[in-house]
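Letter by letter, the chains look like this.
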Amino acid sequence: MPRRPGLPPPAAVLALLLVGAPAGAEPIAPADRRSGFDQMGPEIQAMQRDETANPGMLAVADGAELWATPPAPGRQPCAGCHGEAAVGMRGVAARYPAWDARTGRPIDLQDRVNACRRTHQGADPLAYESPDLLALTAFVAAQSRGMPIAPPDDPRLGAARAEGRALFEARQGQLGLSCAICHDDHWGRRLGAAVIPQGQPTGYPLYRLEWQGMGSLQRRLRNCLTGMRAEPFAYGAPDYVALELYLATRAAPLPLETPAVRP
Amino acid sequence: MARTLINLPKTARAGDVITIKTLISHPMETGFRPGADGRILPRNIVTEFVCRFEGEEIFRAELFPASAANPYLTFTWVATASGRFTFTWRGDDGFDQTESAPIAVA
Chain P
1 MPRRPGLPPP AAVLALLLVG APAGAEPIAP ADRRSGFDQM GPEIQAMQRD ETANPGMLAV
61 ADGAELWATP PAPGRQPCAG CHGEAAVGMR GVAARYPAWD ARTGRPIDLQ DRVNACRRTH
121 QGADPLAYES PDLLALTAFV AAQSRGMPIA PPDDPRLGAA RAEGRALFEA RQGQLGLSCA
181 ICHDDHWGRR LGAAVIPQGQ PTGYPLYRLE WQGMGSLQRR LRNCLTGMRA EPFAYGAPDY
241 VALELYLATR AAPLPLETPA VRP
Chain W
1 MARTLINLPK TARAGDVITI KTLISHPMET GFRPGADGRI LPRNIVTEFV CRFEGEEIFR
61 AELFPASAAN PYLTFTWVAT ASGRFTFTWR GDDGFDQTES APIAVA
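Each protein sequence line maps, in turn, to chains P and W. According to the UniProt record's numbering, the first sequence holds residues 1 to 263 in order. According to the UniProt record's numbering, the second sequence holds residues 1 to 106 in order.
Treat the hints as calculated values from the structure; they're not laboratory data. Computed from a predicted structure; not experimentally measured. Watch out, some of these pointers could steer you wrong.
Just a sample of chain P residues kept apart from chain W, beta carbon distances all over 12 Å, derived [to be verified]:
1. Ala61
2. Trp67
3. Ala72
4. Arg165
5. Gly188
Example chain P residues on the side facing chain W (calculated, C-beta under 8 Å, incomplete) [stated by the list, open to error]:
6. Ile28
7. Thr52
8. Ala53
9. Pro55
10. Asp62
11. Gly146
12. Met147
13. Gln212
Residues from chain W that face chain P, not an exhaustive set, calculated with beta carbons under 7 Å [as the list claims (entries may be wrong)]:
14. Met1
15. Arg3
16. Asn7
17. Lys21
18. Ser25
19. Ala69
20. Ala79
21. Thr80
Just so it is clear, CB atoms sit at the ideal spot from N, CA and C, and this is done for glycine as well.
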């Protein structure tokens with residue numbers, strides 16, 4: 001077949017693909033940021049809005065109970081130091097992940113819960129994705145519902161945040177995709193039958209209908225990594241926290257929706 | 001005790017059609033899935049839901065393994081008089097839970 005002039009030779013296109021042209025180099029501008037909520041069907045939106053239909057509220061209610069219950073006899077419950085969560089925890093989730101001076105690294109909200117258990121409550125940390133950890137995190141995060149995500153302006157977080165952005169934009173896995181290719185460049189279009197969201201972490205931990213249960217942002221990231229046929233990091237890996245940090249910066253100032261419902 | 005979410009109006013006028021929404025925390029394990037050790041997990045589902053108003057049955061549902069976890073049921077009722085609803089979920093392993101909620105009809 002004679003090649004039409006003006007088209008680049010196929011080899012050049014192939015080379016461009018192979019070197020990994022900087023896909024998703026332009027992050028979404030603050031005015032264009034949208035929660036995945038806006039792309040859901042009206043039924044699931046109604047389910048999230050209605051506190052008596054949102055199954056995530058079951059976890060929040062469990063969390064409220066755990067908040068007031070000592071982790072072991074003779075130990076302080078969370079409420080012992082922090083008091084009323086509606087007052088003391090308002091706005092906290094909007095600032096996480098944050099720098100932890102004790103360990104000298106950034107930690108996310110579930111790590112904070114476990115750090116508190118270890119250092120202040122003398123209790124064992126809760127396992128990642130365990131119902132209790134999800135419930136406590138959901139309860140704390142729900143206190144910030146409606147508040148804009150406000151990542152801390154802490155220079156010590158800069159390195160991890162840059163690492164998170166690099167991870168977000170790096171091609172990985174057998175399919176050679178990066179997070180940015182879908183969520184920066186092609187959001188709003190379709191992947192199979194599903195609308196590609198921007199990937200804004202506004203409602204975690206959330207109730208996902210596909211999971212028939214609650215899950216953290218790390219579970220969601222694992223899900224994406226296996227979908228890209230990349231090897232997921234272990235729960236609690238610093239790579240996830242770096243990604244979470246970048247995602248929070250990328251999502252600000254969207255409001256928090258915990259506990260969100262997603263298909 | 002499983003956690004439940006029950007939503008109905010506190011008051012209604014006689015003749016109004018009210019919507020009652022119920023949700024219960026339950027794994028609804030189908031009995032077809034293997035667990036981490038490769039063995040089939042035993043079935044553990046809610047099989048029956050009944051709503052009664054002052055002892056009179058007004059809504060009943062049978063549930064099967066294909067229902068998702070945390071079953072959410074919503075139904076309507078024509079307000080007749082003030083009284084109390086009871087909601088009963090029964091299922092495998094002797095699961096039996098009853099909750100109640102009042103309504104005032106003017």
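Using the nearest Cβ pair, does Gln212(P) come within less than 8 Å of chain W? holds, 4 Å
Does Gly146(P) pass the interface check with chain W, least Cβ-Cβ distance below 8 Å? This interface hint is violated because 20 Å lies over the 8 Å limit.
Given Thr80(W) as an interface hint, is the shortest Cβ-Cβ distance to chain P below 7 Å? Since chain P brings no Cβ nearer than about 23 Å to Thr80(W), farther than 7 Å, the hint is violated.
Would the hint on Met1(W) be counted as holding, given a Cβ-Cβ threshold of 7 Å to chain P? violated, 11 Å
Can we keep the Arg3(W) interface hint, with Cβ of chain P closer than 7 Å? holds, 5 Å
Over 12 Å to the closest beta carbon of chain W is the bar; see if Ala72(P) clears it. holds, 22 Å
Given Ala69(W) as an interface hint, is the shortest Cβ-Cβ distance to chain P below 7 Å? Hint holds; Ala69(W) Cβ to chain P Cβ min 4 Å, cut 7 Å.
Have a go at the Ile28(P) hint: is there a Cβ in chain W nearer than 8 Å to its own Cβ? With a closest approach of 33 Å, the Ile28(P) hint is violated.
So Gly188(P) supposedly isn't at the interface. Is its beta-carbon more than 12 Å from every beta-carbon in chain W? holds, 28 Å
Given Ala79(W) as an interface hint, is the shortest Cβ-Cβ distance to chain P below 7 Å? Violated, because the Cβ-Cβ distance from Ala79(W) to chain P comes to roughly 19 Å (cut-off 7 Å).
Status of the Asn7(W) interface restraint (C-beta, 7 Å, chain P): holds, 3 Å
Please verify that hint: Ala53(P), Cβ, nearest Cβ of chain W, below 8 Å or not. Interface hint status for Ala53(P): holds (6 Å vs cutoff 8 Å).
Checked against the numbered hints given earlier, the structure breaks hints 1, 6, 11, 12, 14, 20 and 21 and satisfies all the rest.
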